[in-house]
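Colleague: Each chain, written out:
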Amino acid sequence: MVENLAEKRRIFIVLGAFVALGAVTPFLDLFMQSLVTEILVFGILAMSLDLLLGFTGLASLGHAAYFGVASYTTAIIMTKEDWTWTFAAFQWADSLGLGLFYIFIFGLVVALAFAAFFGFLAIRAVGVYFLMITLSLAMVIWGLAYRWSAVTEGDNGINVLGRPSLFGISLESEIPFFYFTLAVFLICLGLMYMFVKSPFGKTLVGIREREERMQMLGYNIWLHKYLAFIIAGVFSGVSGVLWTLFNLFVSPPDIELITSAEALFMVALGGPATLVGPVIGSAIIRSLQQFISIYVERWPLILGAIYIITIMLGRLYGVEGILGLFGKFRKPAASPETPEG
Amino acid sequence: MKRKFITIIAALGIAFSAGFGSAQAAEVRIGFIAPMTGIFAQIGKDMSNGFKMYLAHTKNKMGPLDVKFILEDSTGKPAVNVRKALKLIKRDKVHMFIGGLLASTGYALAPVSNRFKVPYISPVPAADDLTQRKLFKHFLRSGFTSSQNSHPLAEWAYDQGYRNVVTIGADYAFGYETVGGFHKAFEARGGKIVKKIWAKLGTKDFGPYLPQIPKDADAIFTLMVGPMSLAFPKQFRAAGFKMPMLGGVTSADEFILPSMGDEALGYVTASQYSAALTTDKNKAFVKEYQQRYGKMASYYSESCYTTGQWVDLTLKKIGYKPDNTDAFLEAFKTIRINAIRGPVYLDAYGNPVHNSYIRRVTRVKGDRLGLGVKPNSLWNLVIKTYPAVGQFWKWPAKEFLKDPVYSKKFPPCPHCK
Numbered sequence: 001m002v003e004n005l006a007e008k009r010r011i012f013i014v015l016g017a018f019v020a021l022g023a024v025t026p027f028l029d030l031f032m033q034s035l036v037t038e039i040l041v042f043g044i045l046a047m048s049l050d051l052l053l054g055f056t057g058l059a060s061l062g063h064a065a066y067f068g069v070a071s072y073t074t075a076i077i078m079t080k081e082d083w084t085w086t087f088a089a090f091q092w093a094d095s096l097g098l099g100l101f102y103i104f105i106f107g108l109v110v111a112l113a114f115a116a117f118f119g120f121l122a123i124r125a126v127g128v129y130f131l132m133i134t135l136s137l138a139m140v141i142w143g144l145a146y147r148w149s150a151v152t153e154g155d156n157g158i159n160v161l162g163r164p165s166l167f168g169i170s171l172e173s174e175i176p177f178f179y180f181t182l183a184v185f186l187i188c189l190g191l192m193y194m195f196v197k198s199p200f201g202k203t204l205v206g207i208r209e210r211e212e213r214m215q216m217l218g219y220n221i222w223l224h225k226y227l228a229f230i231i232a233g234v235f236s237g238v239s240g241v242l243w244t245l246f247n248l249f250v251s252p253p254d255i256e257l258i259t260s261a262e263a264l265f266m267v268a269l270g271g272p273a274t275l276v277g278p279v280i281g282s283a284i285i286r287s288l289q290q291f292i293s294i295y296v297e298r299w300p301l302i303l304g305a306i307y308i309i310t311i312m313l314g315r316l317y318g319v320e321g322i323l324g325l326f327g328k329f330r331k332p333a334a335s336p337e338t339p340e341g
Numbered sequence: 342m343k344r345k346f347i348t349i350i351a352a353l354g355i356a357f358s359a360g361f362g363s364a365q366a367a368e369v370r371i372g373f374i375a376p377m378t379g380i381f382a383q384i385g386k387d388m389s390n391g392f393k394m395y396l397a398h399t400k401n402k403m404g405p406l407d408v409k410f411i412l413e414d415s416t417g418k419p420a421v422n423v424r425k426a427l428k429l430i431k432r433d434k435v436h437m438f439i440g441g442l443l444a445s446t447g448y449a450l451a452p453v454s455n456r457f458k459v460p461y462i463s464p465v466p467a468a469d470d471l472t473q474r475k476l477f478k479h480f481l482r483s484g485f486t487s488s489q490n491s492h493p494l495a496e497w498a499y500d501q502g503y504r505n506v507v508t509i510g511a512d513y514a515f516g517y518e519t520v521g522g523f524h525k526a527f528e529a530r531g532g533k534i535v536k537k538i539w540a541k542l543g544t545k546d547f548g549p550y551l552p553q554i555p556k557d558a559d560a561i562f563t564l565m566v567g568p569m570s571l572a573f574p575k576q577f578r579a580a581g582f583k584m585p586m587l588g589g590v591t592s593a594d595e596f597i598l599p600s601m602g603d604e605a606l607g608y609v610t611a612s613q614y615s616a617a618l619t620t621d622k623n624k625a626f627v628k629e630y631q632q633r634y635g636k637m638a639s640y641y642s643e644s645c646y647t648t649g650q651w652v653d654l655t656l657k658k659i660g661y662k663p664d665n666t667d668a669f670l671e672a673f674k675t676i677r678i679n680a681i682r683g684p685v686y687l688d689a690y691g692n693p694v695h696n697s698y699i700r701r702v703t704r705v706k707g708d709r710l711g712l713g714v715k716p717n718s719l720w721n722l723v724i725k726t727y728p729a730v731g732q733f734w735k736w737p738a739k740e741f742l743k744d745p746v747y748s749k750k751f752p753p754c755p756h757c758k
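Order-wise, the sequence lines are chains A and B. For the first sequence, this note's numbering gives the first residue as 1, with consecutive numbering after it. For the second sequence, this note's numbering gives the first residue as 342, with consecutive numbering after it.
Treat the hints with caution; some may be incorrect.
[Said to hold, decoys possible] Covered stretches of chain A, going by a simulated chain B footprint (3 or more residues, C-beta under 8 Å):
1) 17-31
2) 154-164
3) 248-257
4) 289-299
Since the hints were derived computationally from the structure, they do not count as laboratory data. Glycine is no exception: its CB is placed at the ideal position from the N, C-alpha and C atoms.
Extracted from the complex, chain B is given alone in its bound form:
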């Protein structure tokens, strides 16, 4: 009998402790989901730091509202993301949740937002279809789609005179979409993709893949993530390849640039952000980020900072009534921000339209612009800006959406050997 008693007491204890965290007036509750442990922890910290920095600037307020910022550790796994989102929705009663890292977490979280009618803002997950063919009413994006920056990069590559390009990409959805975007736009201009290689996600030894690269190609387009980004340029150059390297954003973003060496020099990647932007806004951002967190600002931190700004402006527009979800969703799509990355607004499908920067990895002598970044660092210097690039590039949305989402099979590769 004693044990039954203990069980009941324990159950009641749980019941009472669960009573905390009830709703209060005059605050906006924002859930933030990012990996704080596991292999993606450093990126997760960049994300949450970006958002926290915005809150620090507004003294933890958005207009008259106090911000209740609740950070949850997703460990980088889609299923954990879903459970943390449920926790934020059900226990903390958040007005919205922000975050996720991999494209797969975007696909996992979007239906949750719809099911519970709580807005989900994606600063990083770049899965194309979430703003293309699989729309969710409560899903908003402040980041980018995987293929968005690949289209202008293909244009740029063609203009450089490259005609035969080989691609090597990480073998998963983000890879297919980034490489696919380059492929489609490059062949639309008249170039040829002569070979597409898919490397296993997390590959550290590219030995098996390097011999497949045709030596006479004009350039190589890569999409690497995490440790792959560090390993590939080293092994590629060591194997004697001289051709120029182009890449998707993660192949040489600010997050891994400090760990790279001379092998990365000349790497051309495209992104909606570069820490090397010389606008006053960006200089201030990079400098402050460096002082606060001792790191180079990355597109992860920029995107999350801008998301904070975006939410703030949206709330202002709807009179600081965060409970009014429908008005929030509508207003979010009408905001135009002069963000750190440049001007940005959402298209009719809820995806940002912003500048696409073509950036070249360059070593800059001394402390560039006096921002307090380590001297002689590598920077993604902007060599060309394509203004107001949307997810559909130069194609009309309807026509673009007739094609399936980029995958291993699409676009087909007629010139592949």
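So here's chain A without its partners, still in its complex pose:
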């Protein structure tokens, strides 16, 4: 499948980096361990958005919606004792050591259902209109979380008291949960990599580059975009489930517009259409939020400056994020075509 030597080397480097991460993390302090875990969780969200933004050329400003429904679903099925059948099913699955599978399946099915429905409404629109529709649909989810307090506890949010164990291994402390997250992350990365390298993924790139031509060649553009949208939504859901398990708490501000916008910035900052780029973006944005705020009172200014620089580099010089910057140094001749919209 992988013929290209440079490609092979790239895979090797990425895997090496994650092996190194897995080896180093246990020696970090507790706070750093949870920061690394958090970066991986949001890395999945950013990668899933990259499927849309980088590979398909669809800028969604509502990607937190599927993240949100999955994280809320997780929290609800784990805590709502008066919803007897879901809670009993969860308890039963948990007693068999399968609680995590139950949560993931449930969360992902709900994320898939919402992505399928919202995608159906949104995919026909292009450019700014697509942006607006996805934004408003995500606000619907936020509104549900905020107002439907019988189920979501409104702005108080839902506290989850503890994580289910995996085959009897407790994930309560940082290290086991970090390795669990890393495993899920690598599975997602692998699946998404295979997805973008598949003929289907190549078609998406074709659609991004020149939609009319692909239409002329007989591809069903709508269906391709729609399926990409759903798949991205499901991976976003994976990230949502992990987020609830990680933070053991969800509340409406977790899933508001800012989360969607941050995911977009992670992709733009790391480099769109690179998959690992958005993970670097996630690492930078999350660490900045956690670290700069310790030292600088007006930390949002610094974050804002980074956003502006990223966008300007992309717009003015065609440098697409950090990985794009690497590319510029390595082969200055090849300048990637900037997709419009």
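Following the hints, put chain B in place on chain A, whose structure we already have.
Modeller: Coordinates of chain B only, in the frame set by chain A:
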């Protein structure tokens, strides 16, 4: 290969930089979480200033211990509060953390304190259930519950002869609990709540809500927060309503009073604190706060100052051994403070029992009491003091707790039209 090398170097760099901040002897590490950016930043500063002022008075010491005060910006969002608390616990190894603003942050932080067995002291988050039906062992409160001051205010309102009262409150938990407390106590005395209106949180235009207010009601009870507090009295009076205004603390607290005009005159609210208290302690506090920070002292700053005092006294009681968490939790509940707000101690559920002041917004000519506050300012002058008010008011705790927590549906409204 080069890039892999860089990755590893970077990872190691992070590892080493993380090694700082390890524990030292003879200090108490206190984490403080408050919004320093975002829409609640000004309140967050009032909170941290209150606590810092206490530390300034003790020269950053509590007995023999040096105080390591670590301030974290919560941006006002519950999830960020949780992450900052984790940072304080795991990285800074704090002995306790203090702060949070909204009731929702209280609900978010309390389980964190339990999970890591680190005491969390809430000076402001007023969620009723944290000291009622959802108790957490490591949760302590030095502030108040949302409904605590509403009960005596209802009593006062009934004594004024008000019988039919309409309520308008912000549509979220703090609103339900504050209005609910008034409702329950008022109807228990024999009054009637004739209409309950819930305004969207952050409402600036009350146009859609004003026509719903029955003109023949004796008074209106409001619970406004932030910009709503400024907008409501103006629009209410402009629409021609003459009825007296009563309110929860945030409807007219010292934090927004300087921004209000004559429309707020006569507003009666209840709180465990008023900057207008004429005790020597409070006069000194208001004066110094004014000099240090150029602002009127508020219940946010008072509560955080008192929390500092409370922690200090607790540590003294346990021989300045902050590592002894269980002893700290026990001792905290036995402290009695003659605080700026008045005498205060915790009940069996870990909630403060203190005076409840009924306060009326009044314009005072000149520089009142010579405290250096801007002349002709609005003050919350205390018109009645209910001493030693607890969260359950006059009901026995057991009986009170049989009811669900105050919400949109509870208490039910039999007289609503």
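Colleague: Taking each numbered hint in turn, which are not upheld by the structure, reported in ascending numerical order?
Modeller: none
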